[in-house]
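Protein sequence lines correspond, in order, to chains A and B. The opening position of the first sequence corresponds to residue 1 in the numbering used here, with each subsequent residue numbered one higher. The opening position of the second sequence corresponds to residue 326 in the numbering used here, with each subsequent residue numbered one higher.
These are computed hints drawn from the structure, not numbers from a lab. Quick caveat, the model's predicted, so the values are computed rather than measured. Note that beta-carbon positions come from the ideal geometry of N, C-alpha and C, so glycine has one too. Incorrect hints may have been included.
One-sided excerpt, in silico: chain A residues whose CB lies under 10 Å from chain B [what the hints assert, rightly or not]:
#1 T43
#2 E45
#3 L129
#4 R155
#5 A156
#6 R157
#7 G216
#8 R218
#9 V219
#10 E284
#11 A306
#12 G307
#13 L312
#14 E313
Below, simulated SDA-like cross-link-like pairs (lysine to any residue); rule was C-alpha separation at most 20 Å, straight line [stated by the list, open to error]:
#15 B:K532 with A:T298
#16 B:K532 with A:R290
#17 B:K534 with A:K211
#18 A:K211 with B:Q442
#19 A:K292 with B:G443
#20 B:K532 with B:G632
#21 B:K534 with A:L278
#22 A:K292 with B:W631
#23 A:K292 with B:D447
#24 B:K532 with A:A117
#25 B:K534 with A:A117
#26 B:K534 with A:P41
#27 A:K292 with B:K534
#28 A:K211 with B:G632
#29 B:K637 with A:A106
#30 B:K532 with A:L296
#31 B:K419 with A:P41
#32 A:K211 with B:D633
#33 B:K534 with A:L282
#34 B:K532 with A:R285
#35 B:K532 with A:L282
#36 A:K89 with A:A117
#37 B:K532 with A:R289
#38 A:K292 with B:R441
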Amino acid sequence: MVVKVKQWRLGVPRALFYYYYAPWWEAFFKALGAEVVVSPPTTREIMDLGISLAVAEACLPVKVFYGHAAWLAPRVEALFVPRLVSVEKKSFICPKLMGLPDMLRAAIKDCPLVIDATVDLSRRPEEGLRAAIRDTARAIGARGRQVERAGEIARARYWDWLARQQEQGREFSPGKKEGITPGGRPPLAVGLLGHNYLLHDHYLGMDIAGKVTRLGGRVILPENFAPELGEASCRRLPKRLYWTLGRKIMGAALHLMEQEEVAGLIHLTAFGCGPDSLVGDLAERYAHRRGKPFLLLTLDEHTGEAGVETRLEAFIDMLARRCPA
Amino acid sequence: MTSIYLGIDVGSVSTNIIALDTDGNLIASVYLRTRGQPIPAIQEGLREIRATLGQEVTVAGVGTTGSGRGLAAVMTGADVVKNEITAHAVAASKVVPGVQTVLEIGGQDSKIIILRQGVVTDFAMNTVCAAGTGSFLDQQAARLGIPIEDFGRLALEARNPVRIAGRCAVFAESDMIHKQQQGHPLEDIVAGLCEAMVRNYLNNVGKGKEILPPVVFQGGVAANAGMRRAFSRALGTEVIVPEHYGVMGAYGAALLAREAGPKTSAFRGFELTERDFRTGGFECRGCANHCEVVELREENEVLARWGDRCGKWSNAVAV
């Protein structure tokens, strides 16, 4: 029996895992003939909307997610909010994020259909991914060969995207002379750590990368080098970190602090983030042992830009005075 | 005519201005309350500095620091604009060469700066909470009816400082009231408060920092003898309070201006104390961010704007 697939108008909140899997998702839904509506970049209005809807205990990025979902709600037929339990073997996603679909349904008035296929790759990654793809497709009435093909297209797009980001890291290899600052010295390499949804959300994350660049730094992001490097560094820890996102950050931190040319590390965290509170402290201790300057910036909804700027300015000043050109 | 360098530190609670001679000696200093009005504070400060110097001077350079450094820089025409950490570190190194730890407690913030071989290697500032800063001491002194100037002296008279929870200003206050009701003498409570604040500072701001001597204690709170003693007890080392402890930020800013050595200073002249500066704010409706834009005007001319995330307003002003 051939089912005519409906043209869905799907909402994807520009928050949280959007910053990890956007190319995958968009390519997948488009290949299945759906229209994908992504909410606009975070603004104060979206953030305020999220804060008014979310439970007080949620971390700021989750609150912002609510804001994006609420912005989309009246504009789409369904929201895509996968329940991410695990994206790799024996590692997990934060429980607050696992519960997103349920919390959203409870918080948003006139909530449209929420497509919340479970993604659990913790035991059998291949099967888990297949099931997640199948369930997502089924929710919009697609099945069979077409879904497989869409999955392949999405996977290709995703890997391509990851490779391009690593490429960008290589473009700024330390030997290059471009971007000499007005002070006449090559920019200081600064490793910027944190969840993608903080680092790449310019409003929520206060565009730390831009600020560091304007202060004469050259930012290296976790996605600018092969993830295997971070994984390898993490293996030297006494115990395996089983929070996927936390381990990514820890791996990036360890890898970057081992690089001679990296002058210092900045870790951007969100107040109320459980894994961050542990990983951040752990990373700071390792950095301390290695003698690598480490700045921890914690964001919450009351964080003023002035305080962040003073800290960044003082940090870059310190790096510049420590390593004279 | 003598040449001087000016350092201006516009903080949340106080505005400090100092003048250096060309050899880097501090020749005049003014400490004023900002009272939420930085512009009149800066003007008043400059007027007083000029009066103290008592002669015509050429300003060879101006440095600004503190949370109002941007405003002060535009208003006065500064040559160097620096954050408080760098300014305080520079000043402490000048006064105590070889200093390895700087404890600074101001009105609404506190910081620790770690230096090694004269270079800042680590620092921390208090997070959102202002517990354990000057404002809290001020408030408690007022509540107890003690002039803040006598607070430290009173703490020194304590025999058995009581233990007060210093984590949070609100809880510390309830704890103090409770101790008062129980009948503990005032000096023991005051000394207990100093110890609680030091504990709080070392556990929060100083967490994980390697505090090595020489230790310099500066900022307005360093005036408090009770705090000085509490610090040296907790650290088990002598705590040095520099002569100009209250204006070290401004001192550092002036030193940085002198170090930069501009050929001609951008200083807009002491006449600016008589000019009419005004700030105004508006909410930009250009996008959903609704940035609160602030502008500084002199007469009818807009000198600077800030507060917008996109630069639409701040870049529109030709400086």
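The hints, checked one at a time:
1. At its closest, the beta carbon of T43 (chain A) sits 4 Å from a beta carbon of chain B; the interface hint therefore holds under the 10 Å criterion.
2. Restraint check, E45 (chain A) versus chain B: the minimum CB separation of about 4 Å is within 10 Å; hint holds.
3. For L129 (chain A), the interface hint is violated, since its Cβ never comes within 10 Å of a Cβ in chain B; the closest pair sits about 36 Å apart.
4. For R155 (chain A), the interface hint is violated, the least distance from its beta-carbon to any beta-carbon of chain B being 35 Å, above 10 Å.
5. Because the beta carbon of A156 (chain A) sits about 35 Å from the nearest beta carbon in chain B, more than 10 Å, this interface hint is broken.
6. Taken as an interface hint, R157 (chain A) does not check out: its beta carbon lies about 30 Å from the nearest beta carbon of chain B, beyond 10 Å.
7. The closest approach between the C-beta of G216 (chain A) and any C-beta of chain B is roughly 14 Å, which is over the 10 Å cut-off, so the hint fails.
8. The interface hint given for R218 (chain A) is violated, since its Cβ lies 20 Å from the closest Cβ of chain B, which is over the 10 Å cut-off.
9. Among the interface hints, the one on V219 (chain A) is violated; its C-beta lies about 18 Å from the nearest C-beta in chain B, farther than the 10 Å criterion.
10. With 10 Å as the threshold, the beta carbon of E284 (chain A) comes within range of chain B, its nearest partner Cβ sitting at about 7 Å, so the hint holds.
11. The interface hint given for A306 (chain A) is met, as the beta carbon of that residue sits about 6 Å from the closest beta carbon of chain B, less than 10 Å.
12. Below 10 Å, beta-carbon pairs count as interface contacts, and G307 (chain A) has one with chain B at about 8 Å; its hint therefore holds.
13. About 9 Å separates the beta-carbon of L312 (chain A) from the nearest beta-carbon of chain B, less than 10 Å, and the hint is met.
14. For E313 (chain A), the suggested interface contact is upheld, since its CB lies about 4 Å from the closest CB of chain B, less than 10 Å.
15. Restraint check: the Cα-Cα separation between K532 (chain B) and T298 (chain A) comes to about 15 Å, which is no more than 20 Å; the hinted pair holds.
16. Distance check on the hinted pair: K532 (chain B) and R290 (chain A) sit about 18 Å apart at the alpha-carbon level, within 20 Å; holds.
17. Restraint check for K534 (chain B) and K211 (chain A): not satisfied, since their Cα atoms lie roughly 26 Å apart, outside the 20 Å limit.
18. A hinted pair counts as satisfied when its Cα atoms are at most 20 Å apart, and K211 (chain A) with Q442 (chain B) does not qualify at roughly 28 Å.
19. At roughly 17 Å between alpha-carbon atoms, K292 (chain A) and G443 (chain B) fall within 20 Å of each other, so this suggested pair holds.
20. Proximity of K532 (chain B) to G632 (chain B) is assessed by CA-CA distance (about 32 Å); at most 20 Å being required, the pair is judged violated.
21. Between K534 (chain B) and L278 (chain A) the alpha-carbon distance is near 18 Å, which keeps this suggested pair within the 20 Å criterion.
22. As the CA atoms of K292 (chain A) and W631 (chain B) are separated by approximately 34 Å, the hinted pair breaks the 20 Å bound.
23. The hinted pair formed by K292 (chain A) and D447 (chain B) meets the criterion: a straight-line CA distance of about 10 Å does not exceed 20 Å.
24. For the proposed pair K532 (chain B) and A117 (chain A), the alpha carbon gap of about 43 Å is over 20 Å, so the pair is violated.
25. As the CA atoms of K534 (chain B) and A117 (chain A) are separated by approximately 46 Å, the hinted pair breaks the 20 Å bound.
26. At roughly 38 Å between alpha-carbon atoms, K534 (chain B) and P41 (chain A) are farther apart than 20 Å, so this suggested pair is violated.
27. Of the pairs offered as hints, the one joining K292 (chain A) and K534 (chain B) holds, with about 14 Å between alpha carbons and a cut-off of 20 Å not exceeded.
28. Of the pairs offered as hints, the one joining K211 (chain A) and G632 (chain B) holds, with about 14 Å between alpha carbons and a cut-off of 20 Å not exceeded.
29. As the CA atoms of K637 (chain B) and A106 (chain A) are separated by approximately 39 Å, the hinted pair breaks the 20 Å bound.
30. Of the pairs offered as hints, the one joining K532 (chain B) and L296 (chain A) holds, with about 13 Å between alpha carbons and a cut-off of 20 Å not exceeded.
31. Between K419 (chain B) and P41 (chain A) the CA atoms are separated by roughly 47 Å; this puts the pair beyond 20 Å, and the hint is violated.
32. Of the supplied pair hints, the one linking K211 (chain A) and D633 (chain B) holds, its CA atoms being roughly 14 Å apart against a limit of 20 Å.
33. About 15 Å separates the Cα atoms of K534 (chain B) and L282 (chain A), which keeps this hinted pair within 20 Å; it holds.
34. For the given pair, K532 (chain B) sits about 11 Å from R285 (chain A) by alpha-carbon distance, which is consistent with the 20 Å threshold.
35. Distance hint between K532 (chain B) and L282 (chain A) is fulfilled; the C-alpha atoms sit about 14 Å from each other, no more than 20 Å.
36. For the given pair, K89 (chain A) sits about 18 Å from A117 (chain A) by alpha-carbon distance, which is consistent with the 20 Å threshold.
37. At roughly 15 Å between alpha-carbon atoms, K532 (chain B) and R289 (chain A) fall within 20 Å of each other, so this suggested pair holds.
38. Straight-line distance between C-alpha atoms of K292 (chain A) and R441 (chain B) comes to about 14 Å, which keeps the hinted pair within the 20 Å bound.
Checked against the numbered hints above, the structure violates hints 3, 4, 5, 6, 7, 8, 9, 17, 18, 20, 22, 24, 25, 26, 29 and 31; every other hint is satisfied.
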